[in-house]
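Residue numbers (the working numbering), protein chains in the order written: chain B, 1 to 115; chain R, 1 to 114.
Among the hints, erroneous ones may be present.
[Unchecked claim] SDA-like cross-link-like pairs, simulated, lysine to any residue; straight-line CA separation at most 20 Å: (1) Lys107(B) with Lys11(R); (2) Lys58(B) with Glu102(R); (3) Lys107(B) with Leu60(R); (4) Lys107(B) with Gln41(R); (5) Lys107(B) with Ser38(R); (6) Lys69(B) with Gln6(B); (7) Lys107(B) with Pro61(R); (8) Lys49(B) with Thr98(R); (9) Lys69(B) with Leu100(R).
Hints in this document: simulated from the structure, not taken from any laboratory.
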Amino acid sequence: AQSVAQPEDQVNVAEGNPLTVKCTYSVSGNPYLFWYVQYPNRGLQFLLKYITGDNLVKGSYGFEAEFNKSQTSFHLKKPSALVSDSALYFCAVSRNRAGYSTLTFGKGTMLLVSP
Amino acid sequence: GAGVSQSPSNKVTEKGKDVELRCDPISGHTALYWYRQSLGQGLEFLIYFQGNSAPDKSGLPSDRFSAERTGGSVSTLTIQRTQQEDSAVYLCASSLLTGLDEAFFGQGTRLTVV
Chain B
1 AQSVAQPEDQ VNVAEGNPLT VKCTYSVSGN PYLFWYVQYP NRGLQFLLKY
51 ITGDNLVKGS YGFEAEFNKS QTSFHLKKPS ALVSDSALYF CAVSRNRAGY
101 STLTFGKGTM LLVSP
Chain R
1 GAGVSQSPSN KVTEKGKDVE LRCDPISGHT ALYWYRQSLG QGLEFLIYFQ
51 GNSAPDKSGL PSDRFSAERT GGSVSTLTIQ RTQQEDSAVY LCASSLLTGL
101 DEAFFGQGTR LTVV
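So that you can see chain B by itself, here it is in the shape it has in the complex (with noise of 0.2 Å):
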């Protein structure tokens, strides 16, 4: 089975800091790892994965995450936070087998940005 866990049910940082939101994963087989977020009575938007290739993934909204085999994490990080930031965040894995995939999702990071 496939999980992921994201051990923050919040976090807070002040605008202009750098954020960084954590995401473990359990799957066996090669991971493909999902970054989403939701923002105040809106739908879950996709913000970045990671498939192959460069560690480090860059998306939308100038996020980015780094995928650590090693560590099984895919943390996602900002430079210099926004107080538009605020939202819930979601990581997401799923893997290629039998010629489909899951999506399984973490409970989810509260980011809340303060001015």
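Fit chain R to the given chain B structure using the hints.
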């Protein structure tokens, strides 16, 4: 349509009644997912469709839950004899081919069982 459409957006039902939730995925998307989002519980996987077949339905909580997909397009999630613990937001997502592709989510159906 331009995005994933779910209906109804809100549903209030009495305990014991059956409900049907509908999902219209993006045209041409082969993969379709149903998730349930409860406060503090994150996104709970329910079922995955590849075309009209469901190779993974391991997340359905009980035999009161069922889902089908017809014509490789519209999907219906049915909950029979609803219980209060079924109250949640039910989200549908579709992706082009498989779970390796970006998933596009609908706005969800908020189900309240009273």
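Against the structure, the hints:
The straight-line distance between the Cα atoms of Lys107(B) and Lys11(R) is roughly 24 Å, outside the 20 Å bound, and the hint therefore fails. For the hint linking Lys58(B) to Glu102(R), the alpha-carbon distance of about 15 Å falls within 20 Å, and the restraint holds. The straight-line distance between the Cα atoms of Lys107(B) and Leu60(R) is roughly 18 Å, inside the 20 Å bound, and the hint therefore holds. Taking the CA atoms of Lys107(B) and Gln41(R), the gap is about 6 Å. The hint holds against a cut of 20 Å.
Distance restraint check for Lys107(B) and Ser38(R): the Cα-Cα separation of roughly 10 Å lies within the 20 Å cut-off, and the hinted pair is therefore satisfied. Distance restraint check for Lys69(B) and Gln6(B): the Cα-Cα separation of roughly 16 Å lies within the 20 Å cut-off, and the hinted pair is therefore satisfied. A hinted pair counts as satisfied when its Cα atoms are at most 20 Å apart, and Lys107(B) with Pro61(R) qualifies at roughly 17 Å. With a C-alpha separation of about 14 Å, the suggested pair Lys49(B) and Thr98(R) falls inside the 20 Å cut-off, and the hint holds.
Only pairs whose Cα atoms come within 20 Å are accepted, and Lys69(B) paired with Leu100(R) is accepted, the gap being roughly 18 Å.
In the structure shown, a violation is registered for the earlier hint numbered 1 alone.
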